[in-house]
Amino acid sequence: MPIPWSPPRCVSSWRTCGSAPIVLTRPPPMARRDSRRLSRACSRSIWPKSLEPRRLRSNRPTRRWMHTASSSPPRARKAIWESSSITWRWVRANLGGPTTPSTRYARPSLSSRAHAAGVIRYLFWNFKGARADFDAYLTEFPDGDQAVEARYYRALSSLARDTTTQLLQLASDVPDDDFAPMALLEAGKAQEELGNYASAAGIYDGLVATYPTRDAGMAGAFRRGLDHFMLGDSDGALSTWNAVLGRDPEPAVRAQALYWSGKVLDARGDSSSAREKYQSAAAVRPVDYYVMRAQVALGPPPSSADVDPAASQPSDEADLAHWFAGNGLDLTAGSQVASQDPAFIRATALVQHGLFKQANWEYEIFLTTYADKPDRLYWLAARFGEMGLSNAELKLGTAALDGATAGGQVSVLDVPPALARVASPLAFPDLVASAATQRGLDPLLFMSLMQGERPHPDHPPDG
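Residue numbers (my numbering): 1 to 463.
FYI, nobody ran anything at the bench for these hints, they're computed from the structure. Keep in mind that a hint or two might mislead.
[Claimed, not checked] No more than 20 Å apart at the CA atoms, straight line, and that leaves these computed lysine to any residue pairs for SDA-like:
| id | residue 1 | residue 2 |
| --- | --- | --- |
| 1 | Lys373 | Gly326 |
| 2 | Lys128 | Asp162 |
| 3 | Lys373 | Pro342 |
| 4 | Lys373 | Ala420 |
| 5 | Lys263 | Asn242 |
[What the hints assert, rightly or not] Simulated restraints, written as ranges between beta carbons of each label pair:
| id | residue 1 | residue 2 | range |
| --- | --- | --- | --- |
| 6 | Ser339 | Asp442 | 32 to 38 Å |
| 7 | Trp125 | Gln279 | 36 to 42 Å |
| 8 | Thr213 | Tyr289 | 21 to 27 Å |
| 9 | Glu140 | Ala267 | 52 to 58 Å |
| 10 | Leu298 | Trp125 | 15 to 21 Å |
Virtual Cβ for every residue (Gly too), placed ideally from N, Cα, C.
Whenever a hint applies, use it, and build me the whole structure from the sequences.
Structural data, given as structure tokens:
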């Protein structure tokens, strides 16, 4: 079943679901000559920030659509942005820019349509339809400008046993293309999916030898260590990860290698060396998943069995105020400023009149006006949560947490509970807690699983 999605205006004439070839039935609005119509089309589209008309940047329809895109499930969100990017690239390549006057009836070429269709279907997990589109493109344009990319995505749309063969051939045919190292990386992953870890390690050997400095080469070097570990060769795994660490990788790869080195050493009974690896991983910045995994390995957080995630204690906010003060922020003064903000006053009035959906929109302006004021963002998130506007609480709380942690320079495990609470709110606790209990899940974990599928609705019936 296709993922429900309301596409941006610039691709609204494309049929994005099913396996039939995509057909552009009318010129895209950005190809129209009339600049006024163009501006109206822009307000319903996603444009590159550097090219978006300045007066449209605060346009509410645009901001709401971008909010929808950013709040969608990860796979759908990626498809939205990718499809919009594909359309924009076609406009720039074929129309010469959005204001070209003589392109009213211009249409994309067959090659552009077929390739874009395949990518969109792939991103929406319609692999059969994607293969059909890529095959059609490659049959008609075997040496086209996007032939390499089409072959790459065509391989990723295939079964794992076919993916490796196609990607290895692609890397062999175009070794100097940017897709070659990515093809080798994905070929190795396909072998891992089939349980062929020795074969995957061999592919990664070639990847690292040929493209040692590429991002795919670094990722392949790390995964080669995992393959050795899965084959029972812990010495080979540690040696591989030590080699990766010796090449000064980016923080995410460094944290991965350190954490898994710690796990292997722990499994071998060398707890002292394992702890050193965990400590090194926990010190990596910016903080990501493996940094927090290392922190948990060093000191597991207390059980949440007796914690009520739906209620915040006064002492929690007092602790947060003290923590903010230690970082040069004043929660009391910030709350006084935020409480007088016209947007907050409007939201409060709208809630009093039962207009929850409209009130939920008012938080958007705070993400800009208070982008560098996490104390005010926290206070607003907490107040929106008290009004039952969980989606606004989530967005404001996430922004407050990001600002307070300096974009990952401070671990979220080290912030006060009150700030973490608004960044991961338990919306509609009366509904969620009982459902989580029936399934034997922690309420916050249950909410996180649902949050990964869609943003919090404006009120319970929408859920």
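Comparing the hints with the structure gives:
1. The straight-line distance between the Cα atoms of Lys373 and Gly326 is roughly 15 Å, inside the 20 Å bound, and the hint therefore holds.
2. The straight-line distance between the Cα atoms of Lys128 and Asp162 is roughly 14 Å, inside the 20 Å bound, and the hint therefore holds.
3. Proposed proximity of Lys373 and Pro342 is supported: the alpha carbons are some 17 Å apart, at most 20 Å.
4. For a cut-off of 20 Å, the pair hint linking Lys373 to Ala420 stands: about 16 Å separates their Cα positions.
5. With a CA separation close to 14 Å, the supplied pair Lys263 and Asn242 stays within the 20 Å bound.
6. For the pair Ser339 and Asp442, the beta carbons lie near 33 Å from each other, so the given range of 32 to 38 Å is met.
7. For Trp125 paired with Gln279, a C-beta distance near 40 Å keeps the hint of 36 to 42 Å intact.
8. Against the hinted window of 21 to 27 Å, the Cβ-Cβ separation of Thr213 and Tyr289 comes to about 24 Å, which satisfies the hint.
9. Between Glu140 and Ala267 the Cβ separation comes to about 53 Å, which falls inside the hinted range of 52 to 58 Å.
10. With their beta carbons about 38 Å apart, Leu298 and Trp125 fall outside the hinted range of 15 to 21 Å.
Hint compliance for this structure: hint 10 is the single one not met.
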